[in-house]
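Novice: Residue strings, one per chain:
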Amino acid sequence: MEGRDDQPTADVESGARLRPSAVRSRGAVTWPSVDGPLGVSWEEAETSARRFFFWGFAFLPLLWAVNCFYFWPVLVSKASPSSSPHFNRIRSYVVWSSIGFVIFAVLLTAWALTFAIGGEHLFGPMWKDLVMYNLADKLQLTGLM
Amino acid sequence: MDDRSTDSDPVTAGESSILDTLGEDVIRIVSPVSLCMLLVVLLVSSVSSTNDLSSSISSLFLSSTTTPTSFSSLNLLLLGSDSTWEEIKSALVTALSFVVVVTLLTFLLVLLFYFRCTNFLRIYMGISSLFVLSFLGGFISLLLISHFKIPIDPFTFAILLFNLSVVGVFAVFMPKFPISMNQGYLVAIGVLTAYWFTMLPEWTTWALLIAMSLYDLAAVLLPIGPLRLLVELAMSRNEEIPALVYEARPVDPQPGDRVRVWRERTDVRIEATENSTNSATVQTVQETRLAVSEEITAPLIEAFPQTGDRHLGTEEEEDGIGLGSSGAIKLGLGDFIFYSVLVGRAAMYDYMTVYACYLAIMAGLGVTLLLLAVYRKALPALPVSIMLGVVFYLLTRVLLEVFVVQCSSNLLMF
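For the record, the sequence lines run as chains A and B.
1 is the number of the first residue of the first sequence in the UniProt record's numbering; add one for each residue after it.
1 is the number of the first residue of the second sequence in the UniProt record's numbering; add one for each residue after it.
Chain B on its own, in the form it takes in the complex (with noise of 0.2 Å):
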């Protein structure tokens, strides 16, 4: 098992810390991460998709339905010609509405969590999941199928679909479920929607991201922002916000808690965490899809929720990531799902910015549940990760790559 006198100082007899059990809390957090962002980039790197101007626009004028590229080609095609500044402009204005749209929905998921429509939100937090496993899942199974020529019959193939989907949905809602099921099952969401978002132009990409993350420092850190907002209307009610969060499992639970610690929120001391509704970032996603249909835009809105906002305290741990005693570190999907973008990104350049890109975002989540474990309160997970993601592309694109080709064709190094 693991040892974890390594990692803690010896404690007094009685009196647990939370060293004794970090590092193992730590794993169970990094690991969904990095498997998530891993299976994007095998996506990535193994179905190269084409989703550049040329393909958006001809799929625009072929197929009936737009393509999620439509309205950032769309907004190229009002500006005029493709130049480097006109995708840039372009990648803003979208990044921003992007934002304005989410931060609309999550306003509005919190007026409706103030009403306590919560059966409502969860509906339609299963719907969306559902359609996202079964039409992303499907589409993407469609696109694997078709690069590497599996022989599978429609009826086989619409059987799978329907099972995986429809058994993903009960496994994230309902809460008497296997728990490694439950976990896997929102890793496969986050990477099929972070696939999804990789099919984004370039620049809308890179926009997006930063104006997430800037967005979410903002949501959470605020005052009047909606997801603090949404943590402290949860907080006060005792109550769970329907939500995807990952949950990594409690390394210890403790002798005299209750049977359920996990999921379970009626013991004020347990996390009863996990409900922590980061709705929110998905609506961003919905918004290249508001242009196409009302369905489809909808329900992904409320299915992720982002707000990678953590949440620290053994009292009150209500969302994101708690590092109480008896508390296991909760991740909203949104995290997930941005990560792997940042990282399925860089795959569509070079193998070099995906392992500059992880580390990067591995040491942003240290440094962030580090911050966690200093201010014990909600805080966002996407900035610092981002941020750095960004820079170390950067510098590995323009710098590193540079460097790194000339020793190996001088046969210098590498």
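Chain A with its partners taken away, still in its complex shape (with noise of 0.2 Å):
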């Protein structure tokens, strides 16, 4: 089909893979979205960006990963002439996602790894107890449905 090339930014085909050089012309970025046409306007995308933010707090750690998975283009690439206003409010929130996230992983991999490899060497008679499978035998979790 002739029209399809033409088209710089419509590469919606391998959407589902990041391609931020898709959604980017001549060094600006087009869409904020990494869904490209498909996705947010830039107007929206700073309304998503401030919400995804607000609620990540809300122990929704998960919601700042999306935040930066979704304005990846945002992200990845530096603030032009000939880019939107509202690139640097999205671009501020998303980093700040970003970092919010990162600390968390962080955090919780340390404590998952070190409760699965300590193991009752460091915690004792007490992990038997707290282990996800023997707690759930205990308290009958299965069962329930």
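Please keep in mind that the hints were generated in silico from the structure rather than gathered at the bench.
Just so you know, not all the hints are guaranteed correct.
Reference listing, derived: stretches of chain A covered by chain B, where coverage requires no fewer than 3 residues with Cβ under 8 Å from a Cβ of chain B [unchecked claim]:
(1) 35–46
(2) 115–121
Straight-line distance between alpha carbons at most 30 Å, and here's what the computed DSBU-like set of lysine-lysine pairs gives [to be verified]:
(3) A/Lys78 / B/Lys149
(4) A/Lys138 / B/Lys149
(5) A/Lys128 / B/Lys149
(6) A/Lys128 / A/Lys138
Please read these numbers as outputs of a predicted model, since none were measured by experiment.
Here a beta-carbon is modelled for each residue, glycine too, at the ideal position from N, C-alpha and C.
Hints given; two lone chains; assemble the complex.
Specialist: Pasting the structure below:
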């Protein structure tokens, strides 16, 4: 089909794979979101980025990760004169979200690995009571459904 | 990238036909269906859950809440011994009552939609999917953790579960979310529900599948069918129905289209579909849980739009699969679920039946797409695939297995 190759940003077939180059043309980011033309516009993007950032504080660090993933083109590119005025604000939300998510991920991974690897050496007999499969058996959680 | 030239004949300048994008369209709907089936087969074969009569009866007496199989086991208790004929009778009763409940709930949905209670429906479906993702997801992950002895602590588990389920609800219902996450979570909901369904006893599962495909056929094609009414209502108002529908990305957004070709209903030419609310089906799921508790039954009922009805046409792609030049294919989540239930149940017997049923379902899906292209109206996605799947399951189990086993044991072939 003829028209298809003309669109620098209409790379929606591989939209699932991150192709920041696909949403960029001439150095500036055309589409704020990773979905490209199927995603949000710049104004909506700012509202979304802000919402994801603030809702992430409700014990939902995964929302911060979603924020970074969704606005990946904004995260990896620099501000240029031709980019939208919302760019800087979106970028600040996304950068702070990524910092928050990385800190949370490091803390959680450290704790989970300590628990898994330390095991009984570190925690003593309490480990057996705390580990999930024993806890599930004790509380009969798998019998509920 | 993909070479469409292999799919189609050369088209005249400026004119794009469906054939140009059909291969990519079909792949984009076949992949998630296959992924869903694969995950259910993996779950079923890795976590061998024994939900036969004895375990369900014992859990009936031991735990305070009844299990999903308790209804059918209760039926069996009432009917007497568990001979095959009694099992078949109880299975038929269960399946029929399921279909009746689904019909009633779909009519209720049509009524609510008619009176424009869309917000209520959306909130209800949000709560239902939250329920499925958190409770069912938690239950299945606990099964996996217990089976594989993963040393996770309850704190990490709770945080992960909470995050994944809440973000999942956002992904499925918020319009401004990454498309890949939306699709991924829809497949996840399908996998969880399908796995839960495979825990029903065998005869009940098969009876349920056949009953639901007949119901789907009737509900979409008959003039009084609730799903047809729903589709027509939504079309006449050009509104979105709150529903769980998997929508593939459009293959080729036309240059003249608006920016948001995905999930945008304001432009009639564009799919505006995605929000086909094929509620129903899940309601059937709830049937067995009706006896258990209100909050468990109710939520799941509306959560899964079942009608795999598809809709072909550039102008009015409201429901199901749209194959217009600017449209995207949509498939109701109930179709995902019931296809995966069939394959999951086949996996409980042997992998040979899995392969046979998978091929049968894909063939059925292809036939349905073909019919869609021919008839250009809403079509049910379940009947052809389920019927083919059931036939192939029986044939494989009865005829093919004997043949293959005999050949193998005599070192002749395989």
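Novice: Hint by hint, say whether it matches the structure.
Specialist: Structure-based check of all given hints:
Three residues within the 8 Å Cβ limit are the bar, and the stretch 35–46 of chain A against chain B gives 7, so the coverage statement holds. Counting residues of the stretch 115–121 of chain A whose C-beta lies closer than 8 Å to any C-beta of chain B gives 3; at least three are required, and the coverage claim holds. Distance hint between A/Lys78 and B/Lys149 is unfulfilled; the C-alpha atoms sit about 46 Å from each other, more than 30 Å. For the suggested pair A/Lys138 and B/Lys149, the alpha carbons sit about 15 Å apart, so the restraint of at most 30 Å is met.
Between A/Lys128 and B/Lys149, the direct Cα distance comes to roughly 12 Å. Compliance with the 30 Å bound is thereby established for this hinted pair. Of the pairs offered as hints, the one joining A/Lys128 and A/Lys138 holds, with about 11 Å between alpha carbons and a cut-off of 30 Å not exceeded.
Violated hint for the displayed structure: number 3, the only one.
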